[in-house]
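Undergrad: Can you build the whole structure from these sequences, using the hints too?
4 protein chains.
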Amino acid sequence: MLTKLEQQKLFPLASKDNTNKDTVIRVKDVQFGKEPIVIAGPCAVECEEQIDTIASFLHKNSVPVLRGGAYKPRTSPYSFQGLHEKGLQMLSAAGKKYNLVTVSEAVDEHSLKQVAHYCDIIQIGARNMFNYELLKKVGKFSKPVLLKRGMSATISEFLTAAEYIIKSGNKDVILCERGIRTFENYTRNTLDLSAVAAIRELSHLPVIVDPSHGSGRRSLVTPLAKASLAVGGQGLMIEIHNEPSKALSDGFQSLDFSTFKNLLLELKT
Amino acid sequence: MLTKLEQQKLFPLASKDNTNKDTVIRVKDVQFGKEPIVIAGPCAVECEEQIDTIASFLHKNSVPVLRGGAYKPRTSPYSFQGLHEKGLQMLSAAGKKYNLVTVSEAVDEHSLKQVAHYCDIIQIGARNMFNYELLKKVGKFSKPVLLKRGMSATISEFLTAAEYIIKSGNKDVILCERGIRTFENYTRNTLDLSAVAAIRELSHLPVIVDPSHGSGRRSLVTPLAKASLAVGGQGLMIEIHNEPSKALSDGFQSLDFSTFKNLLLELKT
Amino acid sequence: MLTKLEQQKLFPLASKDNTNKDTVIRVKDVQFGKEPIVIAGPCAVECEEQIDTIASFLHKNSVPVLRGGAYKPRTSPYSFQGLHEKGLQMLSAAGKKYNLVTVSEAVDEHSLKQVAHYCDIIQIGARNMFNYELLKKVGKFSKPVLLKRGMSATISEFLTAAEYIIKSGNKDVILCERGIRTFENYTRNTLDLSAVAAIRELSHLPVIVDPSHGSGRRSLVTPLAKASLAVGGQGLMIEIHNEPSKALSDGFQSLDFSTFKNLLLELKT
Amino acid sequence: MLTKLEQQKLFPLASKDNTNKDTVIRVKDVQFGKEPIVIAGPCAVECEEQIDTIASFLHKNSVPVLRGGAYKPRTSPYSFQGLHEKGLQMLSAAGKKYNLVTVSEAVDEHSLKQVAHYCDIIQIGARNMFNYELLKKVGKFSKPVLLKRGMSATISEFLTAAEYIIKSGNKDVILCERGIRTFENYTRNTLDLSAVAAIRELSHLPVIVDPSHGSGRRSLVTPLAKASLAVGGQGLMIEIHNEPSKALSDGFQSLDFSTFKNLLLELKT
Chain W
26 MLTKLEQQKL FPLASKDNTN KDTVIRVKDV QFGKEPIVIA GPCAVECEEQ
76 IDTIASFLHK NSVPVLRGGA YKPRTSPYSF QGLHEKGLQM LSAAGKKYNL
126 VTVSEAVDEH SLKQVAHYCD IIQIGARNMF NYELLKKVGK FSKPVLLKRG
176 MSATISEFLT AAEYIIKSGN KDVILCERGI RTFENYTRNT LDLSAVAAIR
226 ELSHLPVIVD PSHGSGRRSL VTPLAKASLA VGGQGLMIEI HNEPSKALSD
276 GFQSLDFSTF KNLLLELKT
Chain X
26 MLTKLEQQKL FPLASKDNTN KDTVIRVKDV QFGKEPIVIA GPCAVECEEQ
76 IDTIASFLHK NSVPVLRGGA YKPRTSPYSF QGLHEKGLQM LSAAGKKYNL
126 VTVSEAVDEH SLKQVAHYCD IIQIGARNMF NYELLKKVGK FSKPVLLKRG
176 MSATISEFLT AAEYIIKSGN KDVILCERGI RTFENYTRNT LDLSAVAAIR
226 ELSHLPVIVD PSHGSGRRSL VTPLAKASLA VGGQGLMIEI HNEPSKALSD
276 GFQSLDFSTF KNLLLELKT
Chain A
26 MLTKLEQQKL FPLASKDNTN KDTVIRVKDV QFGKEPIVIA GPCAVECEEQ
76 IDTIASFLHK NSVPVLRGGA YKPRTSPYSF QGLHEKGLQM LSAAGKKYNL
126 VTVSEAVDEH SLKQVAHYCD IIQIGARNMF NYELLKKVGK FSKPVLLKRG
176 MSATISEFLT AAEYIIKSGN KDVILCERGI RTFENYTRNT LDLSAVAAIR
226 ELSHLPVIVD PSHGSGRRSL VTPLAKASLA VGGQGLMIEI HNEPSKALSD
276 GFQSLDFSTF KNLLLELKT
Chain U
26 MLTKLEQQKL FPLASKDNTN KDTVIRVKDV QFGKEPIVIA GPCAVECEEQ
76 IDTIASFLHK NSVPVLRGGA YKPRTSPYSF QGLHEKGLQM LSAAGKKYNL
126 VTVSEAVDEH SLKQVAHYCD IIQIGARNMF NYELLKKVGK FSKPVLLKRG
176 MSATISEFLT AAEYIIKSGN KDVILCERGI RTFENYTRNT LDLSAVAAIR
226 ELSHLPVIVD PSHGSGRRSL VTPLAKASLA VGGQGLMIEI HNEPSKALSD
276 GFQSLDFSTF KNLLLELKT
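Residue numbers (the numbering used here), protein chains in the order written: chain W, 26 to 294; chain X, 26 to 294; chain A, 26 to 294; chain U, 26 to 294.
Since the hints were derived computationally from the structure, they do not count as laboratory data. A quick note: this is a predicted structure, and the numbers were derived from the prediction, not measured. Be a bit skeptical, because a hint or two may be false.
The list treats identical chains as interchangeable, and a pair is accepted whether it falls inside one copy or across any two copies.
[What the hints assert, rightly or not] In silico SDA-like links for lysine to any residue, alpha-carbon gap of 20 Å or less:
#	residue 1	residue 2
1	165	51
2	53	37
3	162	134
4	34	99
5	293	254
6	161	100
7	192	104
8	161	134
9	286	191
10	29	161
11	53	274
12	165	106
13	59	294
14	293	89
15	165	134
16	138	161
17	111	86
18	121	72
19	34	275
20	41	103
21	286	56
22	59	72
TA: This is the structure:
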């Protein structure tokens, strides 16, 4: 049940006990761990026009962080795997043009170097949370890391994965709850908001929530986004697309612009 | 993934499609499905003094519904099993004295008759959600039913359990999400708030949340209560006790009076 | 992790520690806990001809126990619910005609009396394993009980459910592993054969396996039946049907006569 | 539920439909997919003496494959992480001395090259089954791959992971079931023997079973090993240690020599 002693043994650096204040991670003008931060963008960068359209929309709506995958860990080797370096260049250009912080996923040493070069934040995805070698490697970089919870990771294992990164030298770790795998199949995953409240108690690291992957259903994203902040989440990661029905991946869980604007409005009430 | 057709086949009476408005269930002055309703009380009725103290406290804090178990389905046959009819009498007396709506769990035909006699709402617990004979029987009573989700029940099975009750004649069913069983063991169960948002879409029945059983940890109850309402939950069921450390069951997840008052304050902000 | 002390506290009567030998339960000429026993039959008794055909087939193939549901706990209230007393009469008649031990499920007090009257063994199904009132009630009968594991029950809870029955007066409990609910959806449930090995260590009660419900796929039944005996299971419960494609319930997991004969052959090799 | 069409789309190369016979993978004198093969050895190579003692013991008992971890993906960064290249050298030396096939885990590009250099079979562990970049990389090597199922991977995802390897050029993939993560906590994982039977139907690749990690309990290894072969498993991977109580990792699930010899005897009966 994770006693104080076990916490100290498993994740001393990530544990709340070793610090008297929560960590705030500053990326340009964005401060994770202070005000709730919204990250939005497409599952995958598809072309210049797409990412420019989305970045422009985010800029107009004061959303400060743009996400977009260029290295996509897809279940099937026959699915679209991302645009790789070209995608990162497009993402970076859009970020600069609209003054947005950018985040993209790295999946191995090669992509790690590229993401660190082109983006402001390096994402480690759920499928690689148990990939300890990648965690050690990202720990050598000086850019903040957005670490997603593995779909079968306990809260304790999630924090111990963060420990790997911090122990390797990079203390700027933003945690992201994105749902766990359970018997329930109406939703793609079961978003575990208890984990967010638990992490706020156990660790000084900021924790955000991804209700898009967490539910896998467009219609559930807005209520879950509101709940994510209510439970103590310090930010959100939302999949949006200018034309969800034409998205190359995960369109079924992406919000269109109009729905996303409503979500932003609802968060303010 | 539960198409419209499957919904119609599995739970036509509980489905949203068959009505143009959400159900409001009135019990005395309390209306489930309208304003968020807070239900609170001890896991088990232990003695007159205990339930009177708690009922008085709820009355002073404008909490309208008192819960208290008299028939306790305990994992071990050697654990305290509740005070049975005497417990219901104590609960009923406290409810009348402080003008509170009362709810208690029924576990078979015998207790069903008693709970229906002494209380305003009949609770069917998580362990009996798949007990279809009990569902059919409670469907013959004219008192509202508070149906808790089984710990391994899918959303679809949960709504189909409600269908059993409605089909048997009792349309006043209040659903209660209380966590599902997963690999995560930091929490007692994994509270599935996606299910609440899903049920609001799929069904016209009111749905409330029990973050006490949902998390099994006192410190997580308040943040989860806030998230439960934010996600669309229409009420809360919270375990409280005048002296949690001396509770005969589930003390570790019960709030003391002071913490519960803070929870009520936080819900208002 | 279930220490000796916890076992003693939770299920002293079901625990191996309190006896120096495994329990053998004798029903007519059948001895559970001695030689592997095969139970077979349809999910539901559908008509006299069906159950007679199946019973005759079992008799010819030296399968000593006939199963057949008359009270069916179905997910949907709109599904076939069984023939009730008439079904039990048909089952009993077939059992007598072909000298087979009979077993059928009871789901409440009423059906309990009927099953005890017409059959040799009373089955408590997975959906009612946490229905402690039913466990207490079946504990008052003098016929052996076949207790199936709840789909979300831990091994410890399964044995504690048996404890409820024994503590109420009936020590003849046969346990049946039938799969647990997990994220895997290729199979209907995940058959937990580790639980069988664990129960052989922890308890003196006989334990059998139901690979039909455990897998929900006809083609997996035979290999899982072999594994069930190899791991230490003391019997099998197999769904068979003279015309699986026309079965009123669970036909997709029922074996036809020819496949079942092959299964019996394979068990002998 | 994985129709033929979905199989063809997700894993055409791993699917049984595209070949008329099961794959046999030959490594020296060992043929996976023909006779049941036993792999045994310590969780981690700890020193020359340890691995020599174990290799000698295996040789004497006609066990043809020696396992031993040199790159250990441990939950905690503060746990023993393996001897790396030195460990592989020791493993390789012991393998040569006693004429044993060797297998060890690779966790990234660096260790991949080393394992491919020193060992006969490259293991990809459960934590890296979703690490698609590693799968693509191991697909470029010409040595057979032992791919373990991820602890939250469906059968379909497991076979699709194999597809990544085959599509990258390496068709010699041995699958290994090692348990999935469920709510049951008596065992470390829930060994899913249905998956073995399912894979025998769905794929032409050989599949073996690891009951040591699958159960996490020494006393359950032997019965589960027997069940693994009975269900159709084409081999076993067993953790053994000359002094389990002094093992640097996973000693609690390792068999001592005497117990392992009994296991081998039981497999023959």
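Undergrad: Does each hint hold? Answer for all of them.
TA: These are the hints, each one checked on the structure:
no., hint, result
1, 165 - 51, "within (18 Å within a copy, 41 Å between copies)"
2, 53 - 37, "neither (28 Å within a copy, 47 Å between copies)"
3, 162 - 134, "both (7 Å within a copy, 12 Å between copies)"
4, 34 - 99, "between (35 Å within a copy, 14 Å between copies)"
5, 293 - 254, "both (11 Å within a copy, 15 Å between copies)"
6, 161 - 100, "between (24 Å within a copy, 13 Å between copies)"
7, 192 - 104, "between (35 Å within a copy, 13 Å between copies)"
8, 161 - 134, "both (11 Å within a copy, 14 Å between copies)"
9, 286 - 191, "neither (36 Å within a copy, 39 Å between copies)"
10, 29 - 161, "neither (25 Å within a copy, 41 Å between copies)"
11, 53 - 274, "neither (29 Å within a copy, 44 Å between copies)"
12, 165 - 106, "between (26 Å within a copy, 18 Å between copies)"
13, 59 - 294, "both (19 Å within a copy, 19 Å between copies)"
14, 293 - 89, "within (16 Å within a copy, 29 Å between copies)"
15, 165 - 134, "both (11 Å within a copy, 17 Å between copies)"
16, 138 - 161, "both (14 Å within a copy, 19 Å between copies)"
17, 111 - 86, "neither (26 Å within a copy, 56 Å between copies)"
18, 121 - 72, "within (16 Å within a copy, 54 Å between copies)"
19, 34 - 275, "between (39 Å within a copy, 18 Å between copies)"
20, 41 - 103, "between (43 Å within a copy, 18 Å between copies)"
21, 286 - 56, "neither (22 Å within a copy, 32 Å between copies)"
22, 59 - 72, "neither (33 Å within a copy, 47 Å between copies)"
The structure is inconsistent with the numbered hints 2, 9, 10, 11, 17, 21, 22, although it conforms to all the rest.
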